[in-house]
Amino acid sequence: MRTIQTGQTFPLSSVKPLERVSSLRELCLAATRRLLEKGGLPRAASPITGKPLRLQGEVGGLPYGLCVETDSLFLMRLARPEEWERLLEETGRFRHAPAGLKGDLSQSRADHVYAPKLDWIQETLTLQGIRKARILEAVTPPSQMSALLNESRSFAEIRTIGEMALAHEGGTREQGSAEAVVMLESLDRVDDPRGLLRGASNRLTEGGLLFVTALVASGFDLEVLGLRSRYLYPPDRTNCFSLRGLRQLLENEGFRMLEVSTPGVLDVQIVQAHLQADPALELSRFERQIAESDPETGAEFQSFLQRRALSSFARLVARKR
Amino acid sequence: MNCLIFGYGYMGRIRYGSLRRHPAVRRISVVDPAPSEGSAAELNGSLLPSDAPIPWEDHEAAFICTPNNVTADLCVEALRRGRHVFCEKPPGRNWEDFSRIASAAEQAPGRTLAFGFNHRLHPSVQAAKALLEDGSLGEVLYLKGTYGKSGGARYRESWRNDPEISGGGILLDQGIHMLDLFQFFAGPLRVVDAVLADSFWKCGVEDNAFVLLKSEREAPAFLHSSATLWKHTFRIEIGCRDGYLVASGFLSKTGSYGREQLVIGKRQFEDEALALGNPREEIIHFDRDESWDREVSEFIAAIQQGRPPTHGQLEDARQAMRLVQEVYEISKQPAGARKGDFR
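Residue numbers (my numbering), protein chains in the order written: chain G, 116 to 436; chain H, 12 to 354.
If we strip away everything but chain G, and leave its shape as in the complex, we get (with noise of 0.2 Å):
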């Protein structure tokens, strides 16, 4: 197995500024408020063990319970599939509105967010000796890595598949036809993050590959913010594994783990974000160190985090068995 480190480094503000995360957060807390006030169905027990969950909090007035044996944290409450599809939807259209993740940021996430994980995406197909792939993307649409895979021409056949169509696509195939599925923090969003591995299995011929991102609990940003960081709500981070419990949760589905990264950037910015936001924040005396440090110690801490896999953006790559 590998894990990944990357010497790239951008503003906070380039690519999710919290400001911005934080009116985008509201509009998904509220659409998701207005769904589950209608009745929803509740989650007592953990996706990754089945063991029942341990109400931590709530963010926005939503309950989040924790997944004890892996510290994962989910959503208590979900809703039908095609209502929770029609909530993704609806955020989908906050995220990607020029007052959302889009607009003036759209060319910087080009750079730092996708562009990276097209390489990702190339190079680990390059290493594992697998040529011209037919690739199936797991999302919500629309999709801007997509369209990046498709300008790479790299691929022999890009094709796009609803995550929650996926997840409750039931029954199974004998062997797919994609050499690689890719599912960038869709294990985050929908109700069924099992069924959705079930879904991309099916999907995956012998020995294709999965690759997944994810925002881990594990991660430095969120161990130390827990249900307080802003970056943390419904329905875009429904589950919110640890690296661990996303592990657990691929390997229990058939999948055998040929890279576990956390090349992520952010987590001490974002600390510093949200210390800037609310000077009142209650932190640890180390926390607060780390998060008033000197600009190279910031970036040589976060330099370890993501070596040693303590960052909060996860990058997985598993091979169906």
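To be clear, the hints were calculated from the coordinates, so they are not data collected in a lab.
Some clues are possibly wrong.
Claimed, not checked - Lysine-lysine pairs mimicking PhoX-like chemistry, simulated, CA-CA at most 25 Å apart: (1) H:K277 - G:K247; (2) G:K217 - G:K131; (3) H:K140 - G:K232; (4) H:K140 - G:K247; (5) H:K277 - G:K232.
Please arrange chain H on chain G, whose structure you already have, making use of the hints.
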């Protein structure tokens, strides 16, 4: 398959372990006239008595893991007896030893002969090779390699540094791996110039070698092979038209070469968003080295399938030994008499 191992030192132990794990290997017999204490118990009956005849006929393959001064004799004898041969690097003490092995191989068609250049199978090296072959980094512009160790308290006592036994110093012992890797990445090379020094250990063989080379496509390469790198170092830098790769660290038993990793950098220009000269790098860390087992498996597969091994072939060994030979010859010439490309 039944296998003989000649020599139960550092490499013999490693090969014994790999062979024991291989499903096709039925019996392993170890020949060592001076086994270290505890070897017999460790080998659980596989160590042949020192006065016993060598049971050539009962074994299909021989692994030559001996000091360099007997390598050629054993390879030649094993090939003459129709055995398949796996020979540790270096392939003899000098060009003459190697030539004897090569002649014996020519007279033993159908026998598999492989040499132990396992570094090609290290995960960082394999990944670098795959990325170069993919073509996205463009052609190789240059190579720079540093491979060195600190020697250690018993360095002077080791047969590896006794010129009568080893035939050479750190270049022949460890640097030959880097020369092999250079050729793995850039094709055949020639020596442009070299400086050898016996600056610290004073064993009568080089403890430092600085070698400048060129590929057939005129890409320069530079090797520093050293027994005075107090911090163990393995690092190879491959500069390409559109980026670069840096493999460093090695998953060794002691971990003294550091965490094995491959840095992948892509060239950038002024019109791109990131700062010029500080491109985005990806660093892949590897946590498993299967090079020894893979090398043995490949040798056995080549025997079973009646084909040449995918690496460590006679030609690979010839290229590496030719470079070592050239370096030793060049270093004997007075500086003014050398005919390097840049003078």
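query = Under the criterion that the straight-line Cα-Cα distance not exceed 25 Å, is the pair K140 of chain H, K247 of chain G satisfied?
reply = Roughly 18 Å between the alpha carbons, so the hint for K140 of chain H and K247 of chain G holds.
message = Checking one constraint from the list: CA of K277 of chain H to CA of K232 of chain G, max 25 Å. Satisfied?
response = holds (14 Å)
Distance restraint between K140 of chain H and K232 of chain G, which requires alpha-carbon spacing of 25 Å or less = holds (21 Å)
Agreement of K217 of chain G and K131 of chain G with the hint, judged by alpha carbon distance not exceeding 25 Å = Given pair K217 of chain G, K131 of chain G holds - Cα atoms ~10 Å apart, limit 25 Å.
inquiry  = What's the verdict on K277 of chain H and K247 of chain G, does the C-alpha distance respect the 25 Å limit or exceed it?
reply    = Between K277 of chain H and K247 of chain G the Cα gap is close to 21 Å, so the pair holds against 25 Å.
Comparing the model with each earlier hint shows no violations; every hint is respected.
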